[in-house]
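> First to last, the protein sequences are chains A and B. Under this note's numbering, the residue at position 272 of the first sequence is numbered 272, and the numbers go up by one with no gaps. Under this note's numbering, the residue at position 160 of the second sequence is numbered 436, and the numbers go up by one with no gaps.
None of these hints come from the bench; they were simulated from the model. Warning: the hint list may mix true and false statements.
To be verified - Here are the computed lysine to aspartate or glutamate pairs in the DMTMM-like style, where the Cα-Cα straight-line distance is at most 25 Å: (1) 163(A) to 400(B); (2) 163(A) to 369(B); (3) 163(A) to 441(B); (4) 172(A) to 455(B); (5) 172(A) to 441(B); (6) 500(B) to 295(B).
Unchecked claim - Restraint ranges, calculated between C-beta atoms of paired labels, are given here: (7) 369(B) to 151(A): 21 to 31 Å; (8) 245(A) to 406(B): 57 to 67 Å; (9) 257(A) to 322(B): 46 to 56 Å; (10) 394(B) to 266(A): 27 to 37 Å; (11) 402(B) to 10(A): 49 to 59 Å; (12) 371(B) to 257(A): 20 to 30 Å; (13) 144(A) to 353(B): 42 to 52 Å; (14) 265(A) to 395(B): 28 to 38 Å; (15) 489(B) to 265(A): 36 to 46 Å.
What the hints assert, rightly or not - Some chain A residues flagged as far from chain B (calculated, every beta-carbon gap over 12 Å): (16) 61; (17) 76; (18) 133; (19) 205; (20) 217; (21) 230.
Ideal Cβ placement from N, Cα and C applies to all residues, glycine included.
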Amino acid sequence: MLEFLIPNNVLCHAVEAMLFASLGCALLSVLITQMNISSIGFTMSHAAFAGGSVGAFFGFAIIPSAIFISILTAFLMGPLSDRTRMHTDTTLGVLFGTMMAVAIFFIALMQGTGKGFEASSLLYGNVISLYREEIYALALITILIIVFLIAFYKEITAIVFHKRIAEIAGIKVRPIYYGILFLISIMVAISIPIVGGLLLYVWLVTPAAIAYQFCNTIKRMFIMAPLIAIIISVTGAVCGIMYSLPVGPLTAVVFSAFFVGSVAFSPKRKVIFHKH
Amino acid sequence: MTGGAKDVILLNQVYTTYEGADLPVIQDVSLHIKPGEFVVIGGPNGAGKTTLLETIAGLLPVVNGSVTVCGHDVVSDGCTARKKIGYVIQNFDFHPFTPFTVEEVVLMGRYGKIGWLKRHSGYDMEKVTSAIDNLGLTLIRHNQIGKLSGGQQQKVLIAQNLAKEPEVLLLDEPFSNLDMVTREEVSNLLCEIADGGIPVLIVSHAFDALPNRTIRVLVMQNGKIILNQQSDPSKVGNLVRTASVAA
Ligand SMILES: Nc1ncnc2c1ncn2[C@@H]1O[C@H](COP(=O)(O)OP(=O)(O)OP(=O)(O)O)[C@@H](O)[C@H]1O
Ligand SMILES: [Mg+2]
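Just chain B, same shape as in the assembly:
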């Protein structure tokens, strides 16, 4: 990885708000993430974890501070930044009859990269196929997404963001619908991605399937980061619990 010390994600005293909210939801958050870091974000419901990911992805108005991802200011140039950001969202509810297949949805992840007025290439399809295979979706590749189970849909969204070849990967509770075996598989996959130099940030309440590597733990509470430290995978659960109780 070139420039191993450069921050891929850089938040500087950031305050973000939702349109129409009275107070900023994220308050005074500063964060520096380097290539290849594996970050677990914990904290109680409503703490602002999803909001933090949305802020990094440039999807929310930033009222103060700066957010830079891969050298792009996400506030002024969000579209360019998002072509490099993989982001698996927490809440998706697809209509059971939505007329899109697994393959189409996975390919969609690359649409921004492909650019205006262009069709997908053989290379794009290669990435789609390998992402689909990696998540064990090969047999349901041509099925309609709305008719899959919640866990299968979650895997499709993960595949979509892998096919995108992101330079930063954000996942909001990616394990919530997955069975135990799949959790471990996905977790190993994410570990490989991080080892390849791409920072992986996951919001999770499940700490049993973390990969065996150094993990940076962030705990959020009331829109602030109250804990930010390196840890072994086995100690993450305890760290999050004690930090949340103490706060």
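Same shape as in the complex, but just chain A:
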């Protein structure tokens, strides 16, 4: 898509992937941090990890298996968090442990065959050898997220503010809430092969966490979080590939540095000191 700008094919694909992944994840990060469901990030990445290792064990391709299991988990996410009558975050925590266990179980079974290593690669990701289709999938899901956010902006922001109050306003909370959980899950499933399960977590939380330090309305957060994420991620991809550094970890570290910086300079943390 961006070949006219970046002639180097590898770099071009990496930049495109980082662009879409960071844009989609950053938009979702606003919802995730404001709704306190940040564990959805690691739950879903481990669902993908479990899917990958189960797939590898039974001789299927890793990435499709990972995506398949993640989508399955995505469908379960909403109803499950309702049924258990607990905080969504608690349900997610339980699910996370289960997924981790499944993944490790099958990787242990595959010890010595080398296939386990392949599945573990889902934890680290790879922006260097991407298929065109993977980038299209990323672009598609990101566009879907943007459309969903714009179309249901009222409903989504009301739910983020207070589920009960949204319900009283006459909003159908459940389909929108499930929709949010579902989009997060799909985004994670598709981004995992690229940025890796461990690092994806950074994308799903940190952009909003940084934006939060400077914004007092959610509208501004929806604009600032993606901007920050895109700038850091694309820069990370370019630097990583030019200087042969691992792109994912490099970008994640830069993100965290920005977060620390933003907390230090946040107007929200300002305290007025009185001299005695």
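With chain A held as given, fit chain B with the ligands onto it using these hints.
Just chain B with the ligands now, with coordinates in the frame of chain A:
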């Protein structure tokens, strides 16, 4: 008001429960509320007052009986009914940094009415502005809600439900955080709303700021309505006290 005798709120032998509770919390409650009635619901903590309001708003599973508000069955068609029900909840705890302003929260009350895929109109903003002005929130209109005092937050929620132009108004302890002067102001505002034909139901333990009009008193105990009668505002406190003691 058209059809002055028609019940706006109609509960028929209702039992409601919380998911996972052993026994129904509301037991065998029947209630008929007409347009313009001003209802005060009293009773001890845990009596089921909040549960009754949640039942009327269609937020809880009804195990038996029927609940109809403005002609809508709240069990099968809760969303449509709730677009016409104003409901100021008792417990809200907003995070101090929640990124929403007073104006946004008040506008939220109209979101259901505005409907899917539509943006708010000039009319919606007019209603928001007049509700904000009515509750004296004009100066803090663009402040973040989480950083307001408890009473100010309560006023924002009342404004939210006024901006909604409800056909039924439920308020769960709306006075609990308000100062004495504001109590009277809010109480007069609610009186005007009831005079305009909209039934107002308030759960309250404070009977000093009731408007000067006929009031229907409901006293609840253990999920049942143990007293249901008309009264003068000055006698409400006594009625609630004696009913609760006798039970
Ligand atoms: N979420 C819930 N799950 C199960 N039981 C509940 C739940 N909420 C309330 N109850 C029970 O229902 C009963 C009535 O509660 P409710 O909140 O309606 O009381 P209330 O009259 O509003 O009391 P208060 O004056 O303290 O607000 C209580 O016994 C309470 O234990
Ligand atoms: Mg209560």
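> Check each numbered hint from earlier against the structure, then list the numbers of those it violates in ascending order.
4, 13, 15 and 20
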